[in-house]
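Visitor: The residues making up each chain are set out below.
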Amino acid sequence: MGNADMQNIITVRDCWMSFAGKEPGAEIHVLEQVNLDVVQGEFVCIVGPSGCGKSTLLNIIGGFLEETRGEIYVENAVVNGPDPGRIFVFQENGVFPWLTVEQNIGFGLLSRPETERAERVKHYIAMVGLNGFEKSYPRELSGGMRQRVEIARALAADARVLYMDEPFGALDFLTRLKMRSDLIRIWQAEKKTILFVTHDIEEAVQLADRVLVMTKRPATIQEEVKIDLPRPRDLDSSGYLAARDRIFEIMGMDAHGGGG
Amino acid sequence: MNRRVLHIVLPLVTGALLLTSWHVAVKLSGSDIFPTPQQVLAGLGELAQQGLLLKYIVASLFRVSWGFIAAVLVGVPLGLILGWFRPAYAALNPFIQILRPISPIAWIPVAILWFGVKDTAPVFLIFLASVFPITVSSMAAVQNMQQVYLRAAQNFGLGGLELFRRVIFPAALPQIITGIRIALGVAWLVVVAAEMIAVNSGLGYLIIDARNAGKRYDLVVAGMVMIGLIGLVLDVLVRRLEKFDEVRWGYGQR
Amino acid sequence: MKLIRTLAIVLTLWLLGITAMHGGLNLHWFAKTTGDGTGEKTFGVGFLPVTCHLTCPVTHFINKEMEHHDMFQPMRFNGWPELKEMFIGRSKDMPAAFILAPMAIALREQGVKIKIVHLGHRDGSAVMVHKDSGIFQTTDLRGKTIAVPGRYANQRIIIYRELKKAGMTLDDVKLLEMPPPDMPAALLSHSVDAITSGEPFMGQAELDGYGRVLWQAKDVWPGFISCVLAVHEDAIRDHRDEIQRLVNGIASSGKWIDESMSHRMDAAQFVATNYYNQNPRLLSFVLSKPPDRVTYSRLKPLQPEFEEIERLAKEVGMLQGTAHFEDYADDTFAPDPAKVQAPHFEVKK
Ligand SMILES: Nc1ncnc2c1ncn2[C@@H]1O[C@H](COP(=O)(O)OP(=O)(O)O)[C@@H](O)[C@H]1O
Ligand SMILES: [Mg+2]
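Protein chains in written order, with my numbering: chain B, 1 to 260; chain R, 1 to 254; chain Z, 1 to 349.
Honestly, I wouldn't trust all of these hints.
Unchecked claim - Here are some of the chain R residues that sit facing chain B, going by a computed Cβ distance under 10 Å:
| hint | residue |
| --- | --- |
| 1 | V148 |
| 2 | Y149 |
| 3 | A153 |
| 4 | N155 |
| 5 | F156 |
| 6 | L158 |
| 7 | E162 |
| 8 | V167 |
| 9 | P174 |
| 10 | D245 |
| 11 | E246 |
Source of the hints: derived by calculation from the structure; they are not laboratory data.
The C-beta atom is built at its ideal place from N, Cα and C for all residues, glycine as well.
The following block holds chain B by itself, in its conformation from the complex (with noise of 0.2 Å):
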């Protein structure tokens, strides 16, 4: 798994978790053993039927949920709750609908000089394209603008990991594709390490270094994928297609509707 001589950022032994289920003393299990290595640098999608716990997982590596058993690494380090090094960026957005965009993408670095902080905001305002819609509310942007906002305002904070759960998933179609580029772009010229979750095998496989599928719940990881083709991606190559049918089968469907 992964190069011998990369650095491994998230390292998952053994994850097994579950929920306390509605009536007394009933348990939902939702993770089961567990195990998966990201290295520096590597942008890893993990797939999964809705429902089976992907969610779960993240926020357990985000340091958000506590794991009821297994050992969880980020960063050579146990995980301890969250960390401002490793942003998460939310499905709902998370952007503060009480800042303007600027305010938003500077939330992260009041720590830091005045001046360091207008040159981050300007330049990661640039990256995300949000150029003019400095002083605007996030209710004046589109669904799109918005997670754009929610990425760089975890770039500006210099965060080394991305988790992000379905960042586009309330987005349209085209907003979607758009996104998707745009993202692969940011990663490619900030090599930040990020771990993205989607139920979109398509998108996935546009995305990814790496593709984990996960079964139904309870979960754990039953293969992965590794999608070596180059970027800017063609979503007619073979290699593309051949990458995303491979996902379907594991995951019991075939990739032209019939189920299985």
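Dock chains R and Z with the ligands against chain B, hints included.
Guide: Coordinates of chains R and Z with the ligands only, in the frame set by chain B:
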């Protein structure tokens, strides 16, 4: 029709209809105790001429302002604390819920015993009437806050007072303002009861005093009309707060 | 945040502004202080805007006109409960008050250390019925609803006394408690069959033409007592001189009111405008039609009269009968009515 015109014309039409039916009803009943709209207007004119109208409005606004602003300064922080710290909620919420339904009228003896018959007593009553709705709505605002804001803030390493100031408070603010708006209505509502204590000015006092003055029900109704009109103005003013950028997101499309 | 900053500034300015306006318009902060008598601490005397308490404002007014200072601070209330609460709860601010005689006795029974030092008036109460009603004598009240001012109102006693004379009891009528200011409207709308309280509320129903006097207190119970001047024992101990002056003032201004019809009309005028905020016509009516409808002479508390009140109140169930004249009254302040002199005072026209 233009929407703006609609919002001016329709209320005027309704108002005219209400005034007419009021007038007709008084005439038909043959009562010479209940005043007609003209008599009320004349009563208002008389009060204005004596300079009493301004005095009474100022007195009531003075008491409501102090009582209400004190309630905001106590209720909002208290509500934020109760909404955030579970032990504080567990310790205090039952008592807030017990005290909340008690009408300010029931507090009148206590107000007199503690504060005598100076302005402090009605200010205290208005404070009591508004502090509970403000506390409860601030508390609910924190409890119903979208978790994603909290998690984003924690992710950026915010905690303690900074978390309160930069995230919890602004996230709760739209709902707090709604609570404040409702509470201001309540505060203004109890001004009559609060001025039953022996103060000698105010719109509530006007009503009680007019009842003592023999057949001056025109002044009673004049007091009611003024309370209603000022209540409307206050509501319009508070609604302006909802237009500020920091909170507008909280009110959906209007 | 802009919102909070704006709000803080606007509200601070508003509070300052409204406070200054209230101070100027209602509290007279900025008025030039008049030389005489200011700074002198005067004590509060509670009263209601009713004819039973007329001697309170008249004494204050005459003293102010003649001596140019406040002998005491008249404190006007709008209802019995608030007056009573202030009187028993904050005796330092208001050591004296005009209250109903049975209420004073009942408070004493309940352990409130007060004493009746003087009467406020005599007579001045009536039972009114609607002019169209078929009630012409006491027996016609059988089964009817009568509005009375409250639990400790003498009107309960006088009704009981009259019913007894007619061979009836309180069970033969329905008594309904109601604040006196609401009574005329209740009578007009036939919500009740009869109303009874102190003046001027009975006079109002008569003046407006829909009320008819069933009987006046003076006719069925000559010398009827309803309101008295009560004082805290602490004040009697610590402020004997002030109380003596107050009692003398009440006694002599009562004499002054009863001295001539023109005094009565003057009193109606200045009390209605300066103290009661009522139409002077109403007070003039009550003070003149007939002239002895309410009287202000012979105001020394007399033991036999109070013993009758005590006895009747006990029969009605208003009092326990545990407090006696020597407990709840101190008649040493009241001057001999025969020797009371009216002040030489005429209203400047
Ligand atoms: N706090 C919780 N308490 C109980 N059950 C939960 C909780 N969070 C998630 N679950 C359950 O765990 C399962 C996985 O949820 P989730 O991780 O959100 O799935 P997804 O793969 O769609 O992101 C679901 O069945 C969900 O109902
Ligand atoms: Mg999910």
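Visitor: Are the hints correct? Go through all of them and say.
Guide: Results of checking the hints against the structure:
With 10 Å as the threshold, the beta carbon of R/V148 comes within range of chain B, its nearest partner Cβ sitting at about 5 Å, so the hint holds. Taking 10 Å as the C-beta contact cut-off toward chain B, the hint placing R/Y149 at the interface holds, the least distance being around 6 Å. Here the hint on R/A153 is kept, as its CB sits about 8 Å from the closest CB of chain B, short of 10 Å. Of the supplied interface hints, the one on R/N155 holds, with its beta-carbon coming within about 4 Å of a beta-carbon of chain B, less than 10 Å.
Nearest Cβ of chain B to the Cβ of R/F156: about 5 Å, under the 10 Å cut. The hint holds. Given hint, R/L158 at the interface with chain B, holds; its Cβ is 9 Å from that chain's nearest Cβ, closer than 10 Å. Hint status for R/E162 relative to chain B: holds, with the closest Cβ pair at about 8 Å, below 10 Å. A hinted interface residue such as R/V167 counts as satisfied when its beta carbon comes closer than 10 Å to some beta carbon of chain B; here the least separation is about 7 Å, so the hint holds.
Interface restraint check: R/P174 against chain B, minimum CB-CB distance 9 Å, threshold 10 Å, status holds. Look at R/D245: its Cβ gets to within about 6 Å of chain B, closer than 10 Å, so that hint holds up. At a threshold of 10 Å, the smallest CB-CB gap from R/E246 to chain B is about 5 Å, leaving the interface hint in force.
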